[in-house]
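K.L.:
Can you build the whole structure from these sequences, using the hints too?
Chain order of the listed sequences is W and D. Residue numbers for the first sequence follow the working numbering, beginning at 6 and rising by one. Residue numbers for the second sequence follow the working numbering, beginning at 430 and rising by one.
If you are wondering where the hints come from, they were derived from the structure by calculation, not from laboratory data. Among the hints, erroneous ones may be present.
Said to hold, decoys possible - Simulated restraints on C-beta separations: (1) D:ALA463 with W:GLY171: 40 to 48 Å; (2) D:GLU465 with W:GLY271: 53 to 61 Å; (3) D:GLU448 with W:SER563: 49 to 57 Å; (4) W:LYS316 with D:ALA463: 23 to 31 Å; (5) D:LEU485 with W:ASN124: 28 to 36 Å; (6) W:GLY171 with D:GLU465: 28 to 36 Å; (7) D:ALA463 with W:ASP142: 20 to 28 Å; (8) D:ALA463 with W:LYS411: 40 to 48 Å; (9) W:ASP551 with D:GLY490: 24 to 32 Å; (10) W:GLN579 with D:GLU448: 28 to 36 Å; (11) W:ASP142 with D:GLY490: 22 to 30 Å; (12) D:GLN440 with W:LEU437: 30 to 38 Å.
To be verified - Incomplete in silico selection of chain D near chain W, CB under 7 Å: (13) SER455; (14) ASP459; (15) TYR473.
C-beta: ideal position from N, C-alpha, C; glycine also.
Chain by chain, the residues:
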Amino acid sequence: MAKVIQTDVLVVGGGLAGFRAAMRARDLVDRVTLVDKANVARGGGTVFCHIMTAPTPAGAHDDWLREIVEHTEYLSNQEWAEAVLEEQGDRVRDLERWGFQFERDENGDFILMPPRGANKARAIYYEGRKFAQRMRDVLLASRINLIERVMIIDLLTSDGQHPSGGNVIGAIGLHTRTAEPLVIEAGAVVVTNGLIAGKLKEMDNLTGDGQAMAYRAGAELSGMEFTHHFNFALWKRGTDAKNPLKYLWSGAQLQNHGAWIVNAAGERIMERYAPHLMERRSGFGLISQAIANECLEGKGPVYFSMRHFPKEEVERLRKVIPQTMAALDDAGIDISKDPIEVIPAMIHWGGGRGGVKIGFGGETSLKGLFAAGMAAQTRASVEPMASLSQAFCNVFGYRAGENAAKYAAGRGEVTPKQEQVEELLKRILSPLGRRDGLTPDDVFLAANRMIIPFKYSILKSEARMVEVLKELERIEREELPGVRAEHPHELIKANEARNYLLMCRLSYTSALERKETRLCHYREEYPFRDDVNWLKWITVRREGEDIKLGFEPIPIESYKIRPPTLTKVPAAVQFSSDCLKEVGL
Amino acid sequence: MIRKFDASLCQECPLRAAEGCPCIESCPVDVLRAEEDGRPRVAYPADCFSCFWCQLDCPRGAFEVSAERELEILPF
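P.N.:
In structure tokens, the structure reads:
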């Protein structure tokens, strides 16, 4: 028999959104449980962060809103973006009251920086490690039941069905070290754990678990085509003839601070692709495509150069992003002297850009289930300027916690159906003890073969996406049911592999529908942004074992900020046919 | 990857005695596990993703992490 606990609100994931949700719920109900797969103080994405959007100064609201909306190429729920700007000040003040520290100057004012994507908007700095440690300390001091090293895998529903026509009434998971099962009966559940990584040596424990469990239980997801985005991967070129490139670290944190992007000839490449935006204000997608194009045209390698950073900025970076700096120190790279080679890669991809579809209060299409943070789609801004995701977690985590608590308070005892618990457990534990079949690592590798190469990732086409989906479906159908795990550690990875494969499939299914190029989504056949036909969201929902697609128009006419005309806008990067041959097309 | 781990340095660790090994708790992917005496053991070295927390959190300098990682699949 699995261990069973009861709670009013269950929060899954201990990053900033989960922390906010739990704390707000605790204001309103007695029993709040937060479950994290690792350690709130060190796991997850929040501990890697070091900036969040500053409280909006008086008079700046409209300018900042315009930057957010334009940066995300008008794919923005502007009501939400305004809520983030309006509520972030109060939410930052809460954090300070709890003892969280932000970097301040000698006058006691926040030290402000313009994050990537912003001209006028500003972000404040903090040390991710201290921040996450503080979250853990505050949770414990607030009498929130904190359970760490448990991977929540599936949701329990009132009708015992997946997909469910009823309510979410709890969840089931496994201890990551012992595989001991845990059943949590809850009045409401908030999922916040949504970053996605394919075990490519960065944030490897984040496998889209929140979206995966929500989808399986029947909740609607949205914007999954935008989850598949690139990171600025930093590389060291060695002398090993067979495999000269060694992956070092994600370069996003350095790029946030205005790293120049230069090709082998020393040219700043954004002058060619987006001279009005340059490195500071271009988006993730555009920069990735620009670097890829330079490499394919033979103008690479492309480098991040930080030689122009003031000395005090480098010193501050040492403090606020100690991991990046430790990685570069280890590789013998001094950013004040050495440029670093960069190739965009799918090292980890984004929750938040796509995820569980929520309403303004964090409610999902399934009653009793709420979502926030990177498990939810951050419709405030699909490809956010740097720092905005953290502000979204801060504001919408609070909102989801509040509404989950109100929902739970009005609800009587919940009793999971024993058959559902047993059925889910049987599936979750099934890899344990199998002697043949693939290992979880084999599954990750098989999926990554289809989603890492440029021709399947940065540069998509219908034919190639059909090829990807066919292979992903084959792996899910033929390999996944027989995956083996020799011990609890591998059993967790087997369940992660299942979630990751689902994320890949939902992402490509959605990407196949979006017949335009926007942000990180680049379609070879449609190298233009199509504001006539594609100012809309793509949603996915489970129907039996099939994916049911939906489309939801963005009410652009009712928004404050609109494109000058609704037309087709050519993509800033146009891959030439010679380039396409380079990648075997 | 964990390039070097010197377990002999853990002997004198003040934190291990007081509240348990911080390095084991820092690891997000359970690469480190506890021996019977509470000292860490590198149980799943292949799963280390070089987050550097053990190196940065260890009061005794027992861990040396390398950032350089081989990826089996490259973008192009």
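K.L.:
For each hint, tell me whether it holds in the structure or not.
P.N.:
A quick look at each hint next to the structure:
1. For the hinted restraint 40 to 48 Å between ALA463 (chain D) and GLY171 (chain W), the CB-CB distance of approximately 42 Å keeps it satisfied.
2. A hinted range of 53 to 61 Å holds for the C-beta pair GLU465 (chain D) and GLY271 (chain W), which are about 58 Å apart.
3. Checked against the given bound of 49 to 57 Å, the beta carbons of GLU448 (chain D) and SER563 (chain W), roughly 55 Å apart, stay inside it.
4. At about 42 Å, the CB distance of LYS316 (chain W) to ALA463 (chain D) disagrees with the hint of 23 to 31 Å.
5. The hint said 28 to 36 Å for the Cβ distance between LEU485 (chain D) and ASN124 (chain W), and at roughly 34 Å that hint holds.
6. Taking 28 to 36 Å as the suggested C-beta distance range, the pair GLY171 (chain W) and GLU465 (chain D) does not conform, at roughly 47 Å.
7. The given range of 20 to 28 Å is respected by ALA463 (chain D) and ASP142 (chain W), whose C-beta atoms sit roughly 23 Å from each other.
8. At about 41 Å, the CB distance of ALA463 (chain D) to LYS411 (chain W) agrees with the hint of 40 to 48 Å.
9. Between ASP551 (chain W) and GLY490 (chain D) the beta carbon distance is about 55 Å. The supplied range of 24 to 32 Å is therefore violated.
10. At about 58 Å, the beta-carbon gap between GLN579 (chain W) and GLU448 (chain D) misses the expected band of 28 to 36 Å.
11. Separated by about 25 Å at the C-beta atoms, ASP142 (chain W) and GLY490 (chain D) satisfy the suggested range of 22 to 30 Å.
12. At roughly 36 Å, the beta carbons of GLN440 (chain D) and LEU437 (chain W) sit within the given window of 30 to 38 Å.
13. A distance limit of 7 Å between C-beta atoms decides the matter here; for SER455 (chain D) the minimum to chain W is near 5 Å, and the interface restraint holds.
14. Residue-level restraint check for ASP459 (chain D) holds (minimum Cβ-Cβ distance to chain W is 6 Å; threshold 7 Å).
15. Given hint, TYR473 (chain D) at the interface with chain W, holds; its Cβ is 6 Å from that chain's nearest Cβ, closer than 7 Å.
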